[in-house]
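Visitor: Chain by chain, the residues:
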Amino acid sequence: MKQKFNIITSTCVPLPLENVDTDQIIPARFLKATDKKGFGENLFRDWRYDKQGNKIESFVLNDPTYGGQILVAGKNFGSGSSREHAAWAIADYGFRVVVSSFFADIHKNNELNNFVLPVVVSESFLAELFDSIFADPKTEVEVNLPAQTITNKATGKSEHFDINAYKKDCLVNGLDDIDYLLSNKDKIEAYEKRVL
Amino acid sequence: MNTLFDKIWDSHVVTIIEEGPTQLYIDRLYCHEVTSPQAFAGMRARGLKPLRPERIYCMPDHNTPTHDQDKPIEDPVSKKQVDTLAKNAAEFGLTHYGMMDERNGIIHVVGPERALTLPGMTIVCGDSHTSTHGAVGAVAFGIGTSEVEMVMASQCILQAKPKTMRIRVEGNLGKGVTAKDVALYIMSKVTTSGATGYFIEYAGSAIRSLTMEGRLTLCNLSIEMGARGGMIAPDETTFAYLKGRENAPTGEDWDKAVAYWKTLQSGEDAVFDKEILFDAADIEPMVTYGTNPGMGMGVTGHILTVEGMSDVEKNSFLKSMEYMGFQPGESLLGKKIDYVFLGSCTNGRIEDFRAFASIVKGRKKADHVVAWLVPGSWMVDAQIREEGLDKIFEEAGFQLRQPGCSACLAMNDDKIPAGKYAVSTSNRNFEGRQGPGARTILAGPLVAAAAAVTGVITDPRELKDL
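Protein sequence lines correspond, in order, to chains A and B.
For the first sequence, numbering that gives the first Met the number 0 assigns the number 195 to the last residue and increments by one with no breaks.
For the second sequence, numbering that gives the first Met the number 0 assigns the number 465 to the last residue and increments by one with no breaks.
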C-alpha cells in the first residue's frame, strides 16, 4: 500500500451528494475479509449494482463518460463507521485523491494512512469544479502535494489546501506512522516511567 | 483550555511532532473481529509483537449469530473472521473473550460493565462507537485499522488534538424522554457533521440527572454528529456504577482512584472552542425519518419540506425521502412498521430492556411485527433473567436472542428485508445499514416498544403514564 505521492493530474469522477457515509462506500456485508485486497470491486456496491447484481447504468462509476484518479464528492464525505475498508476500497478502485469541501475525521485519517490524499476545498471551488466536470468530462485537475495546491484546469482557478507538515512528509516519501513510532520507543518508555 | 478533555489528553502526551500530530499514550485498546485482522497481519509482516499486551482486550461481536452460539457459525466467512481473532489473540498473547464466554458481548457494552473502562483513561478501538466509553470521564475515540496496528506496536497513536465543544442541556427532561431521545434531539440540531473536528463534553443539569447507562447511550452517539468523542465528567453516579465491578480498583486503591477521578472536571475558567445550550423541556420522544441520524424529529412532528434548501441539499434530501418512501412535510404517527430491533451498543443495556418491558407488559406484540430483542452482553442477558423481564417478554409474545451487534449493521443473519420498515434502537439509519434496501427509523426503547405492540409509529406517552 505504501507509495510516494507527488503531483497528480487526472480527469475526475463526480459524486455530487452530501453526507456520503462509509456504509455507502463499502456496505458492512463486505467487511468479512481478513486481508486488504479486492475491496474496490465493492466500492459503492449498492449504488453501483441492483439486487440481481446488474449494473445500475445511471450511477457515475458505471458511466464511461467519467473516469480518472480523482473522486469529487459533496460535503461531509466519509461520515459514520470508522471502517478503514472504505479507504481500502477507494484506493483499490484506483483513486489517489478525494476532493470535498468537508471530510469526516476518522475517514480522512484512514485515507491518509493508505496514501490516498483527501483535499479540502472551499464550497465555491467545489461547486465550480462540479460545473466544469459536467460541462466537460475531460476536465483535468492538478493536485500538487509539494506545493499544496489544487487547480481546476478548465477554469485555471487554483486553491491552497492544508495538510500538516509531518503527514505531507510521510506521503511524499512513502513512509507511514508505524515507521515513525518504532523509531521512538525510548520516548514511550520514558513516558511510562514518568507517569504509570 | 483547562477543560476535562484537555486534562486527560495533556496527561497522556508522549511528545508532540513539530508541525504535526501528537503522540498520545493509550491506556486501553479494544479489538473486535472486523477491524483487527489486517492490523495483526501487518504486525506479523513487520515481525512485531504488541508493546503492552496486557492493555489490549479482544472480543468478537459484529459477526456473532444471535442464536445457537454454542454451535459453529454457519456462514463460513463470518466463522473465519471470528476464528481469526481468537487465533491472533492467542498468538500475540492478548486477552480474548470468545463467543459463549460469559464475559462476551458488544465491546462497548462489556468495557464499562466489567470496569475495563475507567475515568481518566485514553481508550481506542477500531470502531466509531468507541465514543461510548467517554461516559465515565475518559477520552475514547474510534480509529482505523492502520491506527489499531499503530497502537498494538507502540501503545501510542499519532493524532491531531481536536477542538473542544461543550453541549449543555439544562432543566428537567419530560416524561417518556430517554437519553436516546436527548441524543437524537441534539443531533437533529447540530447535524451529522456539526461536531466534526471537536471532542464534546456534555454538561448541565439534564445530563447530570442521567443514569450511567443513559450517559453511555448519549456518548455513544457523539460520532453521529461527526465528533471524535463525547465525555461526561465523573461524579457519584459514575463511582456508584463502577464500584465492585470486575476490574474496578478495590480497597485503598479504590479510594485513591476516586480521589483522582474527582479532579477530572472542567475548571470554572475552562474555555471551549464552541458552546451550545439546549433546554431539556424542548425535547420529546424522537424518531428519525431520513437516511442519516441527524434527520430526526419529535414523534409527533412533521418531516421538513424542501423550502430554502440549496440544490445539492435538496438532491440529497429527496434521494433520502425516496429511499424511505416518505413525503416531505408528513407526520409518521400511525405509519405501519414491520420490524422492531431492541439492542446494539447504543441501547442494549439492562435499563433499555426495563424500559421496553415497562411498555409491553400486559400487552401483546402486534401480529405482523417481527421483533428482535438482543441483549448487549451475556451479563445483560443474565440481569434480564434475574429480574424476570424474560417472562414479561414471553407473555407479550417476544423472544430474547443471544448477545451481539446483530441487526444494527446486519453482518450476521439478522437482516431487515428490502423495503421493510424497522424501528430500531441502534445508531444508524444509513441506506442499507440494516440490510440492502432496509428502511430504518431510529428511536429509543420506549418508542420501539410502543411500535412493537401497536404495529405502527406511536407516541409511547399515549400508552402509559411514564
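Any given hint could be a false lead.
Under the rule of at most 20 angstroms between Cα atoms (straight-line distance), these lysine to aspartate or glutamate pairs were calculated in the EDC-like manner [said to hold, decoys possible]:
1) A/K74 to B/D310
2) B/K242 to B/D252
3) A/K186 to B/E18
4) B/K334 to B/D310
5) B/K48 to A/D185
6) B/K79 to A/D34
7) A/K186 to B/D9
8) B/K160 to A/D161
9) B/K363 to B/D252
10) B/K48 to A/D34
11) A/K166 to B/D252
Looking from chain B toward chain A, a few residues come up when the C-beta cut is under 7 angstroms (computed) [as the list claims (entries may be wrong)]:
12) P36
13) T83
14) S127
Hints are computed from structural coordinates only; laboratory data are not their basis.
Glycine included, C-beta positions come from ideal geometry on N, C-alpha and C.
Visitor: Please go over all the hints and tell whether each is borne out by the structure.
Guide: Now the hints, each set against the structure:
Between the alpha carbons of A/K74 and B/D310 the distance comes to roughly 13 angstroms, so the proposed pair stays at or under 20 angstroms and holds. Straight-line distance between C-alpha atoms of B/K242 and B/D252 comes to about 12 angstroms, which keeps the hinted pair within the 20 angstroms bound. Only pairs whose Cα atoms come within 20 angstroms are accepted, and A/K186 paired with B/E18 is accepted, the gap being roughly 18 angstroms. Simply put, B/K334 and B/D310 have alpha-carbon atoms about 29 angstroms apart, too far for the 20 angstroms limit, and the pair is violated.
Of the supplied pair hints, the one linking B/K48 and A/D185 holds, its CA atoms being roughly 16 angstroms apart against a limit of 20 angstroms. With a C-alpha separation of about 12 angstroms, the suggested pairing of B/K79 with A/D34 holds against the 20 angstroms cut-off. A distance of roughly 16 angstroms separates the Cα atoms of A/K186 and B/D9; the hinted pair therefore holds under the 20 angstroms criterion. As the CA atoms of B/K160 and A/D161 are separated by approximately 16 angstroms, the hinted pair is consistent with the 20 angstroms bound.
For the proposed pair B/K363 and B/D252, the alpha carbon gap of about 49 angstroms is over 20 angstroms, so the pair is violated. With a C-alpha separation of about 19 angstroms, the suggested pairing of B/K48 with A/D34 holds against the 20 angstroms cut-off. Using a Cα cut-off of 20 angstroms, the hinted pair A/K166 and B/D252 is violated, with the two alpha carbons roughly 41 angstroms apart. Because the beta carbon of B/P36 sits about 4 angstroms from the nearest beta carbon in chain A, less than 7 angstroms, this interface hint is met.
Because the smallest distance between the Cβ of B/T83 and any Cβ of chain A comes to about 5 angstroms, under 7 angstroms, the interface hint for this residue holds. Nearest Cβ of chain A to the Cβ of B/S127: about 4 angstroms, under the 7 angstroms cut. The hint holds.
This entry does not satisfy hints 4, 9, 11, going by the numbered hints stated previously.
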